[in-house]
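Trainee: One-letter residues, chain by chain:
Protein chains: 2
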Amino acid sequence: MNKHGVPIIDNKAEMRELISHIRKNNNIIGFVPTMGYLHKGHLSLVQKAKEISDIVIVSIYVNPAQFSQGEDLSRYPRNIDHDLTLLKNLHTDYVFIPQEDKMYDPDHKTWVHVTELEDKLCGKSRKDHFRGVATIVLKLLNIVSTDLMFMGEKDYQQVVILEKMISDLDLPVKIIRCPTIREEDGLAMSSRNSYLSPEIRINATSLYQSLNHAKDMFHKGIPEVKEVIREMRIIIESKGGKIDYIEAFDSKILQQIDHLSKGSRIALAVFFDGIRLIDNIEI
Amino acid sequence: MNKHGVPIIDNKAEMRELISHIRKNNNIIGFVPTMGYLHKGHLSLVQKAKEISDIVIVSIYVNPAQFSQGEDLSRYPRNIDHDLTLLKNLHTDYVFIPQEDKMYDPDHKTWVHVTELEDKLCGKSRKDHFRGVATIVLKLLNIVSTDLMFMGEKDYQQVVILEKMISDLDLPVKIIRCPTIREEDGLAMSSRNSYLSPEIRINATSLYQSLNHAKDMFHKGIPEVKEVIREMRIIIESKGGKIDYIEAFDSKILQQIDHLSKGSRIALAVFFDGIRLIDNIEI
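Going line by line, the protein sequences match chains E and C.
Numbered according to numbering that gives the first Met the number 0, the first sequence spans residues 0 to 282.
Numbered according to numbering that gives the first Met the number 0, the second sequence spans residues 0 to 282.
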């Protein structure tokens, strides 16, 4: 225990031992992997985990392997004290904060690729991002060996990739998808929102507005993706957003589509003042 | 049970259930993954597993993902009846023979790469071989979730790659390395030896002869790899072997070396009549 009143585990061996103890009591383990700087999106995952698991474990680890060269690894926001207070308030059972220099061997060579899926959408501009995500999640699952893992649909591609990895590798874990949590004005919760200045913060609401506009267009009988994306671009660019991509795709295999239909999805990545924000919506 | 008197499990769910039952009794599980057509090399692994584990599980699965285009997947030798008789005689506890069409999803996309190591030695000519090996072994470990896995040093690069994968991915399993088992004349045991005609079978003994010759040269004060390999080539080529590679390397990271020293290793791959045989020796 510690001043925050929530048990922290900082090494792999201790984590494994704890898990084998929990397993013996036939408890269902719920796991929420995070990179810290927790917001209401993360907390909604912990709450869901509390509802349907016996023991909830949250990990906090800023995974260097999922940042590409030139991205924001070194300045990624951190506030462990605040995170622990929030987790304690939700009665989180254990927090796993692995020692940063112990997570990867200095001579790490093993990478998990979920081919095709990793190259689409965010994978086009974030080289090696998803191999970094898949590899760290697999490592964490091998240490925490959970029954349920809770992930937000804000990172939609990430969820689809990890579900495919779990199925392809016969991992005995199930992902529980949780809906995107938004600020009152619709901006999807993200640790990176903290980078935004007040004015730009307001302009960033154009992302969710554009996604809702797309949904409206579909319901008004305009399913042509080209047409829909043209109008989305206008909404975002008029607020100063620099679009990385806007894409409509099949929700299962992330296959690009020309015509929207019920259940298909639109995702986007947009830079505001150099900060890359993502969001997506189900049609 | 069945006519062979050894319990066979043919699906993942049943295997998982059995494992969780074994785990509850705190038994140590020993696992021997094979592609069947068992010989004394495999049996030595099973024997070692019997010695130091409580429950021994052998898998038989010819993994298509580790055969490259144009290799011998379709004609890889099989004899399940004989395999089961041999395994019964060694009092194997369970044999896992997954249904062939159930092991990989038809839309399998997830591959494990152990970079650098996978491209050396056999990786140079067998494209994608080691990603196939790493992926199937990870899948099997996720189903069988063993404490100990038994592997022969005949496939030396495979052992080094899988040890690195296990360490990098934090898998809770330990590889027990077992020595290469040889025919009386020195030829390393291999399922592929069954392809050889009687004359060629005799010529193939030149592989082990050349490896021993290398060791002798080192002990006689000739550590220069160039010199050693020159003489090895003469021994093998005089018997009609077509050399794929002969390489001397550091035993830990498979780094090519120019001078032999105690503990370094020489490995080779040679075609006899189109059949690719491998062997290696510790200096």
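Some hints here could point you the wrong way.
Intra- or inter-copy, both count: the list cannot distinguish identical chains.
[Unchecked claim] Dumping the calculated EDC-like pairs for lysine to aspartate or glutamate here, alpha-carbon to alpha-carbon at most 20 Å: (1) LYS214 to ASP80; (2) LYS23 to ASP146; (3) LYS173 to GLU13; (4) LYS238 to ASP184; (5) LYS11 to ASP146; (6) LYS108 to ASP127; (7) LYS251 to ASP106; (8) LYS108 to GLU162; (9) LYS108 to GLU50; (10) LYS123 to ASP53; (11) LYS225 to ASP257.
For the record, the hints were derived by calculation from the structure and aren't laboratory data.
Here the structure is a predicted model, which is why all the values come from computation and not from measurement.
Trainee: For every hint, state whether the structure bears it out.
Mentor: Hint check:
| no. | hint | result |
| --- | --- | --- |
| 1 | LYS214 to ASP80 | neither (40 Å within a copy, 60 Å between copies) |
| 2 | LYS23 to ASP146 | both (14 Å within a copy, 17 Å between copies) |
| 3 | LYS173 to GLU13 | between (24 Å within a copy, 18 Å between copies) |
| 4 | LYS238 to ASP184 | within (15 Å within a copy, 79 Å between copies) |
| 5 | LYS11 to ASP146 | both (18 Å within a copy, 17 Å between copies) |
| 6 | LYS108 to ASP127 | both (14 Å within a copy, 16 Å between copies) |
| 7 | LYS251 to ASP106 | between (35 Å within a copy, 12 Å between copies) |
| 8 | LYS108 to GLU162 | between (23 Å within a copy, 11 Å between copies) |
| 9 | LYS108 to GLU50 | neither (38 Å within a copy, 33 Å between copies) |
| 10 | LYS123 to ASP53 | neither (39 Å within a copy, 49 Å between copies) |
| 11 | LYS225 to ASP257 | within (7 Å within a copy, 60 Å between copies) |
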